[in-house]
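Visitor: Dock chains B, C and D against the given chain A, drawing on the hints supplied.
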Amino acid sequence: MTLYFLDFVLLIIGLYALVVKRHIVKKILGVAIMEYAVNLFLILLGFRKAGIAPIFTKDMDINTFIHTAVDPLPQALVLTSIVIGLGTLALMVAMAIRLYERYGTFDMEEINRLRG
Amino acid sequence: MKKNKQSGMTFIVKTITNLIIGFMMVFGAYIVLYGHITPGGGFPGGVMIALAYILITLAYGRKVVESMVSGIAGSIADDFGALVILILGFIGLLIGGTFLFNFLPKGTPFSLFSAGNIILYNLAITVKVGMSLYIVFLALAILQRVVTEDETQEVRK
Amino acid sequence: MTALLPLFTAIPVFSAILLLLIGKFDKKNFPRIWSVLTSLSLLVILAVIWGKGTIVHEMGGWKPPFGVVLVSDHLSRLMLLIVNAVAFLVTIYSYIYMKKYEDYLRFFTLFLFMLAGMNGVVLTGDLFNLYVFLEIASIASYALVGYGVDAEELEASFKYLVLGVLASIFILFGIGMIYSVTGSVNMADIARFLTANNIADNKAVLMAVGLFILGFGLKGGLVPFHAWLPDAHSSAPAPISAMLSGVLIKALGIYPLIRIFYNVIDMTPVISTIFIVIGCISMIVGALMGSGQIDIKRLFAFHSVSQMGYVIVGIGLGTPLGIIGAIFHLLNHSVFKSLLFLSSGAIENKTGTRNMKELGGLKEYMPVTSGSAIVGSLSISGIPPFNGFWSKLIIILAAFQAKNMWAAAALVLTAFLTLMCFLKFLRHAIFGEASERVKGAKEASFAMVFSLVIFAVLCLLVGIFNGWVISNIIVPAQSVITNKLGYISSVLGI
Amino acid sequence: METVIILHLLLGFMIIGSIITIEIKNMLSAVIAVGAVGFIVSMAFLFLGAPDIAITQVIVEILSLIILIRATINVDNEAIEKKEEHVLSNRTTLIFVGVILVFAWFAFHSLRPFGEPLMRISNFYLIHGLAEVGATNFVTSVILDFRAYDTFGEAMVLFVSISGAFVILRRWKREQHKDFLRIDKEH
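Residue numbers (the numbering used here), protein chains in the order written: chain A, 1 to 116; chain B, 1 to 157; chain C, 1 to 494; chain D, 1 to 187.
These aren't lab readings, by the way, just hints derived from the structure by calculation.
Yeah, the Cβ is synthetic: ideal placement off N, Cα and C, and Gly gets one too.
Please note that the accuracy of each hint is not assured.
Take a look, some chain A residues computed to stay more than 10 Å from chain B by CB distance [to be verified]:
| no. | residue |
| --- | --- |
| 1 | Leu-6 |
| 2 | Asn-63 |
| 3 | Ala-90 |
| 4 | Asn-112 |
The list that follows gives simulated cross-link-like pairs (lysine-lysine, BS3-like), each with its CA atoms no further than 25 Å apart [as the list claims (entries may be wrong)]:
| no. | chain 1 | residue 1 | chain 2 | residue 2 |
| --- | --- | --- | --- | --- |
| 5 | C | Lys-99 | C | Lys-439 |
| 6 | C | Lys-27 | C | Lys-99 |
| 7 | D | Lys-25 | C | Lys-159 |
| 8 | C | Lys-357 | C | Lys-424 |
| 9 | B | Lys-63 | B | Lys-14 |
| 10 | B | Lys-106 | C | Lys-63 |
| 11 | C | Lys-439 | C | Lys-363 |
| 12 | C | Lys-424 | C | Lys-439 |
| 13 | B | Lys-63 | C | Lys-24 |
| 14 | C | Lys-203 | C | Lys-484 |
| 15 | A | Lys-49 | C | Lys-203 |
| 16 | A | Lys-58 | B | Lys-106 |
| 17 | C | Lys-442 | C | Lys-99 |
| 18 | C | Lys-63 | C | Lys-52 |
| 19 | C | Lys-363 | C | Lys-403 |
Just chain A, same shape as in the assembly (with noise of 0.2 Å):
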């Protein structure tokens, strides 16, 4: 149970500086920490007690292997879910990079004044 808590005090963390932070890139840094909480809290899900990594090897037993073997499915859910952040995250530093260049600034509140 505290793992998953702290894992949610990660994700409370990273949402703080979503929103509270003005730095584009604090921001962008924020969804990272986010991005981190919500796989590892989708892998600590699937672990067994004293569990093994679901690879079968040569000297395994199948029976053994299944009665031992960590839950499959969150990490298939997580290797999607990691390369889905890599995308928003190449789209939002495309986006801090021109942001940069057109308002000369990476704060978003004087970015918002200037909007108008």
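Guide: Just chains B, C and D now, kept in the frame of chain A:
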């Protein structure tokens, strides 16, 4: 690799890059090809190969890398990677009646060609992920130089 | 028949990639023709599978709870109709409109990906798959909002991107919690597990419910999280703001809410009151903030927020009549809101400004565009012969029937505010004396006028034949929503 | 038992690292701090028995670090000193966050206890994976065969974000009638 002196980073970085590039490419290829036997798969392998090219860009500057894999060739390879995934899906739809059906024979568990068209998907995803991340890095690199030129100090790129 | 379902996402993706490949050689005509053909072919496929009951397609040949499954029941087909019909007409409209921007090869690629993402969201029966296709549609729309790469558009699309990613993270966290409690990601399997073990009231599911309302509410532009909507919809190119307001906030925001809170997790009284409260606030705040606007696109964007409030109130009421009214309003709103945004695009294209004060007397110079704008404004404010009137009437009746006086009062007040606001728009922009900017304007080109006229005719036809539309399209969709056990048995086949 | 302790330690480091990321002034060191948090996450994945995800996390982490450093290297790296709290006054955010944390604490108690996942669907994958798919890496068999549609969708997500980044990054000289479109600000 022609070593033009003025662009790219210091000599030390260049020699280290020469040493590492071979290892990164081989390790990336291993992760992709054995993705269904040992940990790894299309995505990490593809990104690793893209990182090898990005390392060359950082160390030697864009001109050297563009001569090896140009932006246009990269985007065409990217489109072909995506097309291969789609075509495999459609073939599965024709043969097995459902989209993305695994129609190739499954083979013996620990051999290389053991899991039907999983290996084909892995290769297609490697080409797609690797090439698209390489191109987007080139785009980011190009723009970065333009920004610095506006500030009239030539950045050694 | 089941083999046709994956085509809804495969064909737009296939033609988008082909577009990128062949577009390198012929940048001018191939992209536009090809995307019109693609959206037409999707409409043809929809016509083929229209009346066939619930069709289930198991991806990769695996039985539902183990593989990903595509479910096409009446509700999904209604949403497919809305998404693909509006997309087809918007593609025809942007055939000419996009000339203003040079590079429209990437525009049509991203447009087709957004279409594929929305079709994927509407069709899938799997919670995580819904998240993946929601991401495809959202990322395509972030880039499309910032397509003009101008100072305002970049700022608006960055704000939209940040809030969109926030919503996706909350949705993924909610999916994780549901997975931990029920052990599965397939919607029908979750529903079966929750009803079998009646643990719908355990705290983890409640938190997941909260996260879903937060995430999908943000994607649907409901009030506490609507900050991005006016900027994004007004600074996007006209066809994109028509797609965003007309279809995207419904397919990514409202449809998942309906599907999850009626077919997966039970609609408890607590959730329905939350829906009604959010709906009422959205209606009133959207209408109030809309009335103060000068820029016609921002005015339409704020009214999108308030019209979505109507739909959410209808859904929150939970009575069959309320749901019928909500879905009917969903259909109507996508027709007349796309019409309004496309006409604002035509006006901006020809007169160069979106400022109501500077327009005036458009009816002499752009008769067809102003005619369609009049039809759109009348139907959004609920004037009898047009479609908006019937759906608003049904929702108000449902509110009275459900003895929810607060909701009924809010509904009537918003209807009145919307009417006032759009009369002001008509008086400023269409009637009155012509300003110097309008004098030089001539009628929009044929493709733009064509889709405007078709939307206007649809507004009128749906308004007149509302009886037929309700009984043949809306009631089957409503019966699917309220019949949760039917959904579970048709998907899992038990 | 000791994996739980190690995981608590790692999570503690992550929280410290992310607080450093937010509060530090120089932008470049903030990016480095996020890189550190990312690598600790990858270590946690190793302890949780997910080697695939650890490799992917490390590699994607390196790439996002390069892209982030690329964005912040040539620009003024000092954070904005102006008054920070503009969105919500400190007290309301703290109360709001406090309420969420308390509710989350009770919600996480009714989740499955850590270490005993409800393996309803995954048992099918583990039992039938070897026979019907033939891949010994079960995560890959889930990704590329049982749920191949997710990976198809996700490959397209990357494709969309790359062409989206190109749309944003393209050098494009709009025709001179750009100001013609601009809304007149002085009205």
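Visitor: Hint numbers the structure violates, sorted upward?
Guide: Hints 3, 19 are the ones this structure does not satisfy, whereas the remaining hints hold.
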